[in-house]
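Student: Read top to bottom, the protein sequences are chains A and B. For the record, in the first sequence the residue sitting at position 415 is 415 according to this note's numbering, with numbers rising by one throughout. For the record, in the second sequence the residue sitting at position 8 is 8 according to this note's numbering, with numbers rising by one throughout.
It is possible that part of the hints are untrue.
Taking lysine-lysine and the PhoX-like style, the derived pairs with C-alpha atoms no more than 25 Å apart in a straight line are [to be verified]:
1) B:Lys61 / A:Lys641
2) A:Lys487 / A:Lys497
3) A:Lys62 / A:Lys11
4) A:Lys569 / A:Lys446
5) A:Lys807 / B:Lys61
6) A:Lys62 / A:Lys229
7) B:Lys114 / B:Lys153
8) A:Lys493 / A:Lys601
9) A:Lys827 / B:Lys153
10) B:Lys63 / B:Lys114
11) B:Lys180 / A:Lys768
12) A:Lys487 / A:Lys585
13) A:Lys807 / B:Lys63
14) A:Lys768 / B:Lys63
15) B:Lys61 / A:Lys827
16) A:Lys807 / A:Lys641
17) A:Lys827 / B:Lys63
18) B:Lys61 / A:Lys768
Derived from the structure by calculation, the hints contain no laboratory data. Note that the structure is predicted; figures quoted are calculated from it, not measured.
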Amino acid sequence: MRAFDSTPVKKTERITRLVADLFAKMPEIEAARAELITESFKATEGLPVVTRKALAFRHILKGLPIVIRPGELIVGSTTLAPRGCQTYPEFSYDWLEAEFDTVEHRSADPFYISEETKERLKKVNPYWKGKTTSELARSLMAPETLRAMDHNFFTPGNYYYNGVGHVNVHYDRVIYEGLSGIMAQAAGQLEKVKFCDPNYGDKKRFLEAVIISCQAVIDYAHRYSELAKEEAGKETDQARKQELLRIAETCAHVPEFPARTFEEGLQAFWFVQQTLQIESSGHSISPGRFDQYMYPLYEKDTDEGRLTREYAQELLDCVWVKLNDLNKCRDAASAEGFAGYSLFQNLIVGGQTKDGRDATNDLSFMCLDATKHVFLPQPSISIRVWNGSAKELLLRAAEVTRTGIGFPAYYNDEIIIPAMENRGISIEDARNYCIIGCVEPHVPGKEDGWHDAAFFNMCRPLEMVFTNGIDNGEVASIRTGDAESIKTYEEFKAAYKKQMEYNIALLVNADNAIDRAHAELAPLPFESALIDDCITRGVPLQQGGAHYNFTGPQGFGIANVADSLYTVKTLVFEQKKFTLQELAKALQMNYGQGFDEITAKETATQAAKALAAEGRQVTDEMIASVIRKVLTMELPEAERKRYEEIREMILELPKFGNDIDEVDTIAREAAYYYTKPLPAYRNPRGGIFQAGLYPVSANVPLGAQTGATPDGRLAHTPVADGVSPTSGYDLHGPTASCNSVARLDHAEASNGTLFNMKIHPTAMSTEKDLEDFVSLVRGYFDQKGMHMQFNVVDRQTLLDAQAHPEKYAGLVVRVAGYSALFTTLSKSLQDDIIRRTEQGLHR
Amino acid sequence: MDDYSYLNVRGRIFDIQRYSIHDGIGIRTIVFLKGCALRCRWCCNPESQSFEIETMTINGKPKTYGRDVTVKEVMQTVRRDMPYYSRSDGGLTLSGGESLLQPEFAEALLHAGKALGVNTALESMGFAKYETIEKLLPYLDTYLMDIKHMDPKKHEAWCGRENTLMLENAGRIARSGQTKLIIRVPVVPGFNDTEAELLSIARYADSLPGVEEIDILPYHNFGEGKYTGLGRDYPMGKAERPGMEKMEGFRAAIERATDLRCQIGG
Numbered sequence: 001m002r003a004f005d006s007t008p009v010k011k012t013e014r015i016t017r018l019v020a021d022l023f024a025k026m027p028e029i030e031a032a033r034a035e036l037i038t039e040s041f042k043a044t045e046g047l048p049v050v051t052r053k054a055l056a057f058r059h060i061l062k063g064l065p066i067v068i069r070p071g072e073l074i075v076g077s078t079t080l081a082p083r084g085c086q087t088y089p090e091f092s093y094d095w096l097e098a099e100f101d102t103v104e105h106r107s108a109d110p111f112y113i114s115e116e117t118k119e120r121l122k123k124v125n126p127y128w129k130g131k132t133t134s135e136l137a138r139s140l141m142a143p144e145t146l147r148a149m150d151h152n153f154f155t156p157g158n159y160y161y162n163g164v165g166h167v168n169v170h171y172d173r174v175i176y177e178g179l180s181g182i183m184a185q186a187a188g189q190l191e192k193v194k195f196c197d198p199n200y201g202d203k204k205r206f207l208e209a210v211i212i213s214c215q216a217v218i219d220y221a222h223r224y225s226e227l228a229k230e231e232a233g234k235e236t237d238q239a240r241k242q243e244l245l246r247i248a249e250t251c252a253h254v255p256e257f258p259a260r261t262f263e264e265g266l267q268a269f270w271f272v273q274q275t276l277q278i279e280s281s282g283h284s285i286s287p288g289r290f291d292q293y294m295y296p297l298y299e300k301d302t303d304e305g306r307l308t309r310e311y312a313q314e315l316l317d318c319v320w321v322k323l324n325d326l327n328k329c330r331d332a333a334s335a336e337g338f339a340g341y342s343l344f345q346n347l348i349v350g351g352q353t354k355d356g357r358d359a360t361n362d363l364s365f366m367c368l369d370a371t372k373h374v375f376l377p378q379p380s381i382s383i384r385v386w387n388g389s390a391k392e393l394l395l396r397a398a399e400v401t402r403t404g405i406g407f408p409a410y411y412n413d414e415i416i417i418p419a420m421e422n423r424g425i426s427i428e429d430a431r432n433y434c435i436i437g438c439v440e441p442h443v444p445g446k447e448d449g450w451h452d453a454a455f456f457n458m459c460r461p462l463e464m465v466f467t468n469g470i471d472n473g474e475v476a477s478i479r480t481g482d483a484e485s486i487k488t489y490e491e492f493k494a495a496y497k498k499q500m501e502y503n504i505a506l507l508v509n510a511d512n513a514i515d516r517a518h519a520e521l522a523p524l525p526f527e528s529a530l531i532d533d534c535i536t537r538g539v540p541l542q543q544g545g546a547h548y549n550f551t552g553p554q555g556f557g558i559a560n561v562a563d564s565l566y567t568v569k570t571l572v573f574e575q576k577k578f579t580l581q582e583l584a585k586a587l588q589m590n591y592g593q594g595f596d597e598i599t600a601k602e603t604a605t606q607a608a609k610a611l612a613a614e615g616r617q618v619t620d621e622m623i624a625s626v627i628r629k630v631l632t633m634e635l636p637e638a639e640r641k642r643y644e645e646i647r648e649m650i651l652e653l654p655k656f657g658n659d660i661d662e663v664d665t666i667a668r669e670a671a672y673y674y675t676k677p678l679p680a681y682r683n684p685r686g687g688i689f690q691a692g693l694y695p696v697s698a699n700v701p702l703g704a705q706t707g708a709t710p711d712g713r714l715a716h717t718p719v720a721d722g723v724s725p726t727s728g729y730d731l732h733g734p735t736a737s738c739n740s741v742a743r744l745d746h747a748e749a750s751n752g753t754l755f756n757m758k759i760h761p762t763a764m765s766t767e768k769d770l771e772d773f774v775s776l777v778r779g780y781f782d783q784k785g786m787h788m789q790f791n792v793v794d795r796q797t798l799l800d801a802q803a804h805p806e807k808y809a810g811l812v813v814r815v816a817g818y819s820a821l822f823t824t825l826s827k828s829l830q831d832d833i834i835r836r837t838e839q840g841l842h843r
Numbered sequence: 001m002d003d004y005s006y007l008n009v010r011g012r013i014f015d016i017q018r019y020s021i022h023d024g025i026g027i028r029t030i031v032f033l034k035g036c037a038l039r040c041r042w043c044c045n046p047e048s049q050s051f052e053i054e055t056m057t058i059n060g061k062p063k064t065y066g067r068d069v070t071v072k073e074v075m076q077t078v079r080r081d082m083p084y085y086s087r088s089d090g091g092l093t094l095s096g097g098e099s100l101l102q103p104e105f106a107e108a109l110l111h112a113g114k115a116l117g118v119n120t121a122l123e124s125m126g127f128a129k130y131e132t133i134e135k136l137l138p139y140l141d142t143y144l145m146d147i148k149h150m151d152p153k154k155h156e157a158w159c160g161r162e163n164t165l166m167l168e169n170a171g172r173i174a175r176s177g178q179t180k181l182i183i184r185v186p187v188v189p190g191f192n193d194t195e196a197e198l199l200s201i202a203r204y205a206d207s208l209p210g211v212e213e214i215d216i217l218p219y220h221n222f223g224e225g226k227y228t229g230l231g232r233d234y235p236m237g238k239a240e241r242p243g244m245e246k247m248e249g250f251r252a253a254i255e256r257a258t259d260l261r262c263q264i265g266g
């Protein structure tokens with residue numbers, strides 16, 4: 001590999017146009033895929049599932065309308081309308097029918113859907129009744145699991161309603177061997193299956209399905225080749241005509257055969273990336289180490305004078321635009337958890353090679369520049385940092401961070417690699433890791449990680465310690481005794497541990513049920529073809545064909561649990577300021593802050609159930625009247641005052657995120673309650689569970705299902721995100737916050753941790769600022785932190801911080817020759833900084 | 001046997017600020033020592049001036065400024081950011097107030113900083129006998145020295161004391177060759193915001209051996225609220241902050257007239 005050239009290349013007019021076209025309209029739901037898969041499935045009843053899947057995939061790719069958008073150099077669109085989405089009734093459909101009339105106007109990720117599309121979908125959806133993965137999964141779960149889900153301890157909604165996705169495939173094999181190479185491998189394997197093999201039939205069907213699926217993708221590319229030729233014939237602009245002819249030639253050649261040029265390599269990559277998402281609705285299908293597998297073609301083309309850096313950058317930018325052309329409509333609740341139309345196609349640059357040398361190359365820089373050029377949410381760009389990372393690359397990454405786009409996310413090789421090795425991954429494979437989706441470390445092309453397998457709310461089991469397992473008037477969890485029966489802090493922790501372990505076991509039950517449903521109903525032959533060792537073993541990915549198998553559900557709310565435990569330890573048991581029962585009452589009464597509608601409804605439901613249990617009739621009017629009463633209920637003044645006083649005492653306590661050993665040690669322990677039990681459990685694919693500690697954006701909606709907690713958090717407000725301190729509780733600046741978070745045992749959370757930090761643009765303005773920013777990341781990583789991402793806050797945030805200072809206590813801004821906590825400044829100074837920010841951002 | 005008694009020296013501080021990235025090289029922790037010899041009208045840290053422990057009202061709530069601590073206690077906080085100092089060549093900065101009014105404490109803190117192996121800096125006007133300053137120099141990497149004006153009378157009128165001692169100290173510190181000396185000038189409207197006055201400071205700085213850099217810092221009124229909090233009147237009234245254009249003009253003039261590198265802000 002030659003020495004890297006980091007010179008930036010300018011963005012072209014074409015990219016500006018492509019981006020504008022992409023966002024001209026609201027995204028739209030289309031019906032073609034749902035119709036095609038239904039047609040195919042109706043015609044193939046009685047055949048093995050894997051065969052039906054392959055035939056349906058072929059039928060979809062044959063029938064899906066295709067389009068080349070104006071000015072595109074890389075082609076392949078899943079919908080006619082830009083940023084549109086298809087539907088996937090084989091996984092679930094009833095939520096969409098229920099939301100037909102609201103999906104366009106909902107707050108999180110709205111989609112337009114025409115009356116015609118609704119009608120078309122209504123015709124095909126009924127076929128899937130009783131045949132979806134979600135229905136099968138539900139039937140495989142224990143009743144206790146269903147109950148726990150009803151009570152919001154966790155939600156596996158992701159795979160319950162959708163395909164799994166969350167993989168990185170062998171893009172490199174498609175690029176350098178072609179799909180023809182993979183088909184030849186499958187054909188060779190087919191020859192080798194012995195007549196006496198106990199799974200002869202399954203293997204044979206699967207390998208045949210692989211071949212059908214690969215051919216389907218080749219044929220799909222040929223359709224684009226024909227379309228490009230046809231459009232070239234009609235094109236009057238000579239330059240565009242030439243482009244279209246080149247597209248025609250490219251699509252005739254790749255992905256069938258090995259790519260001959262960088263441009264062909266990118267087109268081959270794109271067809272894989274796009275069709276994987278047509279095959280199933282899984283999100284987080286992540287390009288991974290793009291700068292590594294694209295580099296040989298880039299190097300060859302530039303060395304041999306076929307490719308300029310300018311054109312290479314434009315092509316990359318085109319791929320970045322395409323990554324934003326794909327979209328997915330989720331159910332309303334999931335949409336809130338994954339807000340921002342994100343498909344989480346994570347693409348990572350830098351890091352180490354398999355043999356442990358620095359991997360930085362020209363493309364590492366150009367990928368970061370592409371993100372700056374298109375300035376869109378996809379790909380989720382990331383950077384691997386290790387002790388030998390090129391400083392220039394980290395500074396370029398810091399420049400992207402400075403723009404406020406929130407990218408790249410920074411990952412620490414020095415903890416991720418050993419954490420992966422600890423889960424049985426070889427050192428070469430661990431050094432080659434990429435990131436899936438949000439933050440999940442993954443072995444490229446070799447793993448079925450089932451990352452993102454569920455959101456587990458660590459605050460809910462804590463609530464159960466106070467209520468003895470009762471939620472909303474009914475038993476919802478294990479009984480660990482009344483609050484008055486808990487006499488020591490150790491007993492309290494033991495009760496929490498029991499509540500956690502009980503619900504974690506149910507989470508495992510839910511995930512394994514869904515896992516089996518996918519194995520049975522949704523083996524995906526094309527995806528399987530591109531992941532080791534599915535072909536050699538003759539087993540689809542969904543049935544355990546991958547070389548490495550994991551299930552990675554994520555917990556969140558550590559900061560709340562840690563601060564809560566600290567409250568119980570100090571104020572209840574050490575200083576005896578109040579008893580556990582009194583605290584339980586204060587939590588139930590939301591610290592005397594009155595009830596919001598959710599609590600009122602819960603209380604009313606509870607009352608109604610009690611009445612019903614006595615055999616009395618409960619009418620809707622009665623419930624409504626109870627809600628009204630609860631909403632306007634006044635606590636006796638003395639009682640209300642006492643609860644407020646309790647909360648005041650709690651708020652005065654030191655909190656996680658301030659570099660205080662005692663509190664941070666409790667946080668480390670709190671995380672263990674979630675991370676430690678999981679690896680003891682196995683999934684149906686032969687792998688183990690491993691914990692993640694990150695919330696995506698679910699900490700807000702799931703916080704809304706959580707009552708008041710002993711850290712002073714009021715009912716139904718957001719819980720802390722990822723491993724970050726509670727927003728507004730970290731008061732000693734970024735280094736203190738980093739030190740606290742680094743004190744958690746990140747290696748145990750081998751499915752990823754997520755640390756969000758806010759930084760003001762003025763603290764990232766000069767070259768020196770960027771260098772210090774890099775040192776901040778490195779200082780956190782030296783202490784074995786795993787991941788970091790930054791919110792470089794803008795004026796709008798500052799205005800909000802001014803209106804709601806309690807939410808932004810940790811926000812650092814540069815004032816003059818010094819930096820300060822924004823909320824501690826006078827109003828006039830805040831105004832001044834807000835004004836300056838505006839200037840700062842338009843430099 | 002090593003003598004660690006410096007760790008037990010006590011002094012009075014009013015703040016410790018971490019992740020300070022605009023006061024010297026790298027990521028730094030600034031320890032603010034309480035008490036000052038001057039009473040500059042534009043001072044943005046009025047709570048630093050008196051050595052006495054004071055109460056300031058912030059957003060309606062009383063807050064105490066000033067606490068007595070040992071060097072060991074201060075270092076417990078300072079050492080927490082070691083990983084960041086190592087990655088950025090940063091370290092410990094003493095500011096004030098005038099740190100030299102607590103000479104033993106300042107010396108012990110800098111000693112502890114060097115013992116920790118981090119970069120050390122001091123923001124000071126040099127208001128002390130040179131013998132006092134001399135004792136600090138072995139532990140000091142960078143001296144950020146304020147020179148506010150060359151005219152002793154005007155200096156006295158605006159800062160409460162004349163500048164002879166400080167100018168003399170600047171010369172002796174520079175000649176000692178023991179520390180990197182950077183000159184800092186607050187540009188204050190009505191006091192020194194003319195090219196002639198700034199150039200006379202710059203020329204003096206340029207004449208000092210080893211001095212390569214001068215920082216000019218535009219006046220700001222961010223301290224105004226603190227005066228109110230302390231129940232005091234704001235001495236600068238409605239004075240306007242020097243604009244960027246004006247500062248750029250000064251910077252260019254200084255770089256034309258001297259061999260110094262001039263930076264706006266520090």
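Student: All hints, please: hold or fail.
Tutor: Here is how each hint holds up against the structure:
1. Using a Cα cut-off of 25 Å, the hinted pair lysine 61 of chain B and lysine 641 of chain A holds, with the two alpha carbons roughly 20 Å apart.
2. Among the hinted pairs, lysine 487 of chain A with lysine 497 of chain A is consistent with the structure: their alpha-carbon atoms are about 16 Å apart, no more than 25 Å.
3. For the given pair, lysine 62 of chain A sits about 35 Å from lysine 11 of chain A by alpha-carbon distance, which is inconsistent with the 25 Å threshold.
4. Straight-line distance between C-alpha atoms of lysine 569 of chain A and lysine 446 of chain A comes to about 45 Å, which puts the hinted pair past the 25 Å bound.
5. Between lysine 807 of chain A and lysine 61 of chain B the alpha-carbon distance is near 19 Å, which keeps this suggested pair within the 25 Å criterion.
6. Using a Cα cut-off of 25 Å, the hinted pair lysine 62 of chain A and lysine 229 of chain A holds, with the two alpha carbons roughly 18 Å apart.
7. Among the hinted pairs, lysine 114 of chain B with lysine 153 of chain B is inconsistent with the structure: their alpha-carbon atoms are about 38 Å apart, more than 25 Å.
8. Annotation: proposed proximity of lysine 493 of chain A to lysine 601 of chain A is violated, straight-line Cα distance about 30 Å (limit 25 Å).
9. In summary, the hint linking lysine 827 of chain A to lysine 153 of chain B is not supported, as the alpha carbons are separated by about 37 Å, beyond the 25 Å threshold.
10. Distance restraint check for lysine 63 of chain B and lysine 114 of chain B: the Cα-Cα separation of roughly 33 Å exceeds the 25 Å cut-off, and the hinted pair is therefore not satisfied.
11. At roughly 19 Å between alpha-carbon atoms, lysine 180 of chain B and lysine 768 of chain A fall within 25 Å of each other, so this suggested pair holds.
12. The suggested pairing of lysine 487 of chain A with lysine 585 of chain A holds, with an alpha-carbon distance near 17 Å, which does not exceed 25 Å.
13. Of the supplied pair hints, the one linking lysine 807 of chain A and lysine 63 of chain B holds, its CA atoms being roughly 21 Å apart against a limit of 25 Å.
14. Straight-line distance between C-alpha atoms of lysine 768 of chain A and lysine 63 of chain B comes to about 34 Å, which puts the hinted pair past the 25 Å bound.
15. Simply put, lysine 61 of chain B and lysine 827 of chain A have alpha-carbon atoms about 15 Å apart, close enough for the 25 Å limit, and the pair holds.
16. A hinted pair counts as satisfied when its Cα atoms are at most 25 Å apart, and lysine 807 of chain A with lysine 641 of chain A qualifies at roughly 23 Å.
17. A distance of roughly 18 Å separates the Cα atoms of lysine 827 of chain A and lysine 63 of chain B; the hinted pair therefore holds under the 25 Å criterion.
18. Of the pairs offered as hints, the one joining lysine 61 of chain B and lysine 768 of chain A is violated, with about 36 Å between alpha carbons and a cut-off of 25 Å exceeded.
Checked against the numbered hints given earlier, the structure breaks hints 3, 4, 7, 8, 9, 10, 14 and 18 and satisfies all the rest.
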